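Take the given structure of chain S and dock chains H and G to it, following the hints.
For the record, the sequence lines run as chains S, H and G.
Under the numbering used here, the first residue of the first sequence carries the number -7, and numbering increases by one thereafter.
Under the numbering used here, the first residue of the second sequence carries the number -7, and numbering increases by one thereafter.
Under the numbering used here, the first residue of the third sequence carries the number -7, and numbering increases by one thereafter.
It is worth saying that the hints were derived from the structure and are not from the lab.
Keep in mind the model is a prediction, meaning the values are calculated, not measured.
Note that CB positions come from ideal geometry on N, CA and C, so glycine has one too.
Worth double-checking, as some hints may not be accurate.
Said to hold, decoys possible - Stretches of chain H that chain G covers, calculated by requiring three or more beta carbons in the stretch to come under 8 Å of a beta carbon on chain G:
1. 119 to 128
2. 182 to 192
3. 338 to 346
Stated by the list, open to error - Mimicking DSS-like on lysine-lysine, the simulated pairs with C-alpha atoms at most 27 Å apart in a straight line are:
4. H:K169 with H:K99
5. S:K68 with S:K21
6. G:K115 with H:K99
7. S:K324 with G:K340
8. S:K169 with S:K50
9. H:K324 with G:K305
10. G:K21 with G:K99
11. H:K340 with G:K340
12. G:K68 with G:K99
13. S:K340 with G:K324
14. H:K321 with H:K305
15. S:K321 with S:K337
16. S:K50 with S:K68
17. G:K346 with G:K321
18. H:K321 with G:K305
19. G:K305 with G:K324
20. S:K305 with G:K324
21. S:K321 with S:K305
22. S:K346 with H:K115
23. G:K321 with H:K321
24. G:K251 with H:K346
25. H:K169 with S:K50
26. S:K340 with S:K324
27. S:K337 with H:K321
28. S:K321 with H:K169
29. S:K321 with H:K340
30. S:K321 with G:K68
31. H:K337 with S:K346
32. H:K337 with H:K305
33. G:K251 with H:K324
34. G:K251 with G:K169
35. G:K115 with G:K68
36. S:K324 with G:K321
37. H:K115 with H:K99
38. S:K337 with G:K346
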Amino acid sequence: MNVEPEKPYPIYTLLEIAGLLDAELRIGKDADQDVRIEGLASLASATESKVSFLANAKYRSELTSTRAAAVILSAKDAEYSPVACLIHEEPYLAYAKLSHYFNPRPKPVLGIHPSAVIASNVKIGDSVSIGPGVVILDHVEIGDNVVISSNSVIENAVSIGDDVTLMANVVLNFGVKVGSQVVIQSGSVIGSDGFGYAPSALLGEPTAWQKIAHCGSVVIGDRVEIGANTTIDRGVLDDTLIADDVIIDNQVHIAHNVKVGAGTAIAGCTGIAGSATIGEDCRIAGGVGITGHISIADRVSILSMTRVTGSIKQAGTFASGTSTQEVTKWRKSAARLNQLDELHKRVKALENEKSR
Amino acid sequence: MNVEPEKPYPIYTLLEIAGLLDAELRIGKDADQDVRIEGLASLASATESKVSFLANAKYRSELTSTRAAAVILSAKDAEYSPVACLIHEEPYLAYAKLSHYFNPRPKPVLGIHPSAVIASNVKIGDSVSIGPGVVILDHVEIGDNVVISSNSVIENAVSIGDDVTLMANVVLNFGVKVGSQVVIQSGSVIGSDGFGYAPSALLGEPTAWQKIAHCGSVVIGDRVEIGANTTIDRGVLDDTLIADDVIIDNQVHIAHNVKVGAGTAIAGCTGIAGSATIGEDCRIAGGVGITGHISIADRVSILSMTRVTGSIKQAGTFASGTSTQEVTKWRKSAARLNQLDELHKRVKALENEKSR
Amino acid sequence: MNVEPEKPYPIYTLLEIAGLLDAELRIGKDADQDVRIEGLASLASATESKVSFLANAKYRSELTSTRAAAVILSAKDAEYSPVACLIHEEPYLAYAKLSHYFNPRPKPVLGIHPSAVIASNVKIGDSVSIGPGVVILDHVEIGDNVVISSNSVIENAVSIGDDVTLMANVVLNFGVKVGSQVVIQSGSVIGSDGFGYAPSALLGEPTAWQKIAHCGSVVIGDRVEIGANTTIDRGVLDDTLIADDVIIDNQVHIAHNVKVGAGTAIAGCTGIAGSATIGEDCRIAGGVGITGHISIADRVSILSMTRVTGSIKQAGTFASGTSTQEVTKWRKSAARLNQLDELHKRVKALENEKSR
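So that you can see chain S by itself, here it is in the shape it has in the complex (with noise of 0.2 Å):
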């Protein structure tokens, strides 16, 4: 699903957009299909030069009121609109692919900048951009069409599939497998070794750590998205596993054999222990903590900052924690909760004196 922008400048008519998203553009009499478009815009915001979107029925009020040149919407909202309509079944994903049209990040130099360290038995594809101060070492496999940006290291035997882009100072440490149309925001590590030791009881105390080699490595599926500051530990035996069309957000901590399912989206600053299994199309909100060697179903939601400690065999949504409170009031509620078990007692006292 990637898009490539056609122009130089991202400049389109309205014709012109209808046909990047192949949406239907209805559109008033005195109206101009060739009005020039700049950029997008939330409904509220947009002025004559911008399209904007309406994806939640919920904002039909601000529909009603916008000056955009146009708006993206689902045939059963056209009639609100009180400017040219375009009409797509999905109109989210339509403003997502048009979105990048209006990019104004400019594309990677094409070629290898002089400065990067290549090893001299890499294998790179055609199209690529390599930028100052990367890094790559012995027997990396690199796909066409990757962008790998500045100073970013790439480890020996490190293989890269097409259409990947590695932003600023990524890590890809030995032996990573990274699939095509992979994005991998900067500061971000994959390949780390695991959080994985063996105590040694024999030497008394306090414990010495004899460290366990990670011999496996992480397997990245395609298009992948990984943000910023991001963790992904090497396996142990096996490989840590991320299957396609994962999306994970910045400061993610992901450890040692962990397995997340296709489509599965994970929020910031959540992590997830070593060998625990997230199933296909689970929804984890930010600052979850998941336990290890534990299984998550297919089609499970974790509300923000969940502690997860076991198992969750089935759909559903999922939530642990506490309301927010005013300070005194929480105070209350906090001591009264370490008081729990006993006010249970009392109240079974309770029942018991009335049903004598």
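Chains H and G in isolation, oriented as in the chain S frame:
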């Protein structure tokens, strides 16, 4: 409020320190205003060549036994001091200013290291220090007295004000705007793409995700401080905004289109989800999680590890979560919590019984 | 406890492995002590060229059906093994040691890569490997057998002991001291400035913050392991201290002036606020938050995502938080928790009624 040591070697007399701080030096008749001070120390550990400070009345007992050469303190505490006094209206602020004069860290070497890779169209101010391995791409603008430390990457069209320090391995992605007197610690990433994708229902399960281009940027005000390995994502249509005088700790995640108001402090490991708006002068402790699309009023304090899932509309202190217990007691509390709705019903039944 | 493979190609006979581990090889009369072993595997997945291990009696059923060439186990489990036994007092420790012999990761190339930038006054030991793009500033001292991987940055006056490995993109800031046999994974930052600022009431609102210079450093003991994208801040006046044999996972935040005692293990995404003191041999699980200026005794275990806001004065296991529930049940629990103080009062009223 930046301060700049005037001497290459950090030794100052008491009289000089009084001048640096604009403090009143009150000294016993046998004491020496020219005693050489070599550094700062706590009241308890200070020796005769150190200056200490008293910023909180609860440490007054430590004051009475200190061996420091002098103590920075308020006029009302001076009578309790057994040693020379540096009297200042805000002792902690004065101590903070003085600390820079004794910082042993060498000043960065001025100039551009020959190994740095800098595009020919970059504008660079006076008295800059650009370290080894730094990469600066096209159309970047850099002010005066800027330090860019080793292996940092500054992508296209970034602008950086005056008196900014970037430590090693910082990444500023395309188009990020940084004000003046900003400090960013190592490993932080500013301007990564946010976690924005449109799911495609048309394509069935598992979900395929269409990435949304992030056409906005990140705008960082003046005197902002950002810790190590923090990430701030760029906006989708508009910019992510960090106002003047915001201080942000390590490992913080600030998602796309967040706005943080002036003077707000955000401690380590906190995550703020997309399009949340944080007011001015807030104090957000460590490990807090703030949901997207909500607003926090000015002067709100949030205790550590609080889960904020709704807007907070007025100043105050807020918390969620439970207290630490010994694990066997905690297991009972946690189990009882899950029976709490049932307990409420049992109490209701007892009350109904009573009223009959 | 570092182990070093002796062979370039990781194939060993059972007899050689027994020698490497100082284990007793107990083998059936038809079996072959010279069978070639190519790697390690779990009991369930091992084939005839693999060695496995039994470290936990609950996997004994997997032992009885394993197809491994041999199993590392304790003497008391040997009778259940259908295959050759490598008998060792601590099977998990023996497995951990053996894992390094089969690690496929190539050994780093010895020497200094020509693209590394190294100040002329740096002292470097024997048999070091300094990778491409590494930057080493003035007055650094580096021991023997040290590996500094690609694009890492070692700032002024850092000292590094013997047998240390820094993976790619590690930053050691000014003056940090690292012991011997230390491993630091990619993206970690040691010695960043801590989150220390003095607010200036004199300057009105929003708050203006005066940064406090961090004149202390970070001192890391021997045999410490630090994961990926972890940050350890330098001290303000004194040093932040990580004792010998501490192991720290990914994405951990350790603030200024924290002290971590020997043998303690800290799992991923945990944050420890400033000036907290952690005892020896503690086990701190993932996502834990520890408040500043508190003390944790020796041999304390803290369960995942616990919020520790006060000192823990004796050994034991501690937790906070609530259990995961299906979301509709959880909403009731969370709502009822906020009514808990009121419920206590209602129970008290019922009890008073009864006693009248």
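* To do: List in ascending order the numbers of the hints, as given earlier, that are violated by the structure.
  => 2, 8, 10, 12, 14, 17, 19, 21, 22, 24, 25, 28, 30, 32, 33 and 35
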